[in-house]
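Chains as they are written, first to last, in the numbering used here: chain A, 1 to 112; chain B, 113 to 230.
A hint or two may mislead.
In silico lysine-lysine, BS3-like type, Cα no more than 30 Å apart, as pairs [as the list claims (entries may be wrong)]: (1) Lys17(A) <-> Lys153(B); (2) Lys99(A) <-> Lys210(B); (3) Lys178(B) <-> Lys99(A).
The set of hints was computed from the structure by calculation and includes no laboratory data.
Listed below, chain by chain, are the residues.
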Amino acid sequence: KNQVEQSPQSLIILEGKNCTLQCNYTVSPFSNLRWYKQDTGRGPVSLTIMTFSENTKSNGRYTATLDADTKQSSLHITASQLSDSASYICVVTRRNTDKLIFGTGTRLQVFP
Amino acid sequence: GAVVSQHPSWVICKSGTSVKIECRSLDFQATTMFWYRQFPKQSLMLMATSNEGSKATYEQGVEKDKFLINHASLTLSTLTVTSAHPEDSSFYICSVSKTGKGINQPQHFGDGTRLSIL
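Sequences are here, hints too, so could you generate the full structure?
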């Protein structure tokens, strides 16, 4: 079954600290993996997209990694800011389809 | 700037009312748009794929007569929740992607419509 699982479900960190969010998937055949940030009451915003051949991709303080062999991805946030408080969603696309398979998300809260 | 505009952002109405939500692609023509529903603390669930000039494709378990989708132009898709009931209360989000321009394009999401049925 095509699934995307994320951990932890929720995370609380202090401002300025780093954190890493995990994503495991069983989607096949794989096309790409995306990380989205969703602020409360808003639509998701794309952070990174990675294809099979890409191991890492950065977007400012966000760095995503992908291990297509183990079907795992991580999102590392460096020097967290209060504005990083949001849900982070891992999304995988199957090859030859536009449909996205969503993870359940990690709810991150950054406190001062 | 925003790629997708969704309107209204918030609707509160009585049970039995029909509610129309608009999704506009501002940056490019979109032959395909997607409609999602999101319940509190849950992830997005695809409801249907809206195809310009043809019938929408609904996911299993989504009533097509309940959730009417119209994609009459390349920049506008509408979702009408007919005879809404309290259990239809949810966060509805649309998205568009640059199909045909490479599969590794991000889907751009609207800011969602929060629907509350009393």
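- Query: What are the numbers of the hints that this structure violates, sorted from low to high?
  - Reply: The structure breaks none of the hints.
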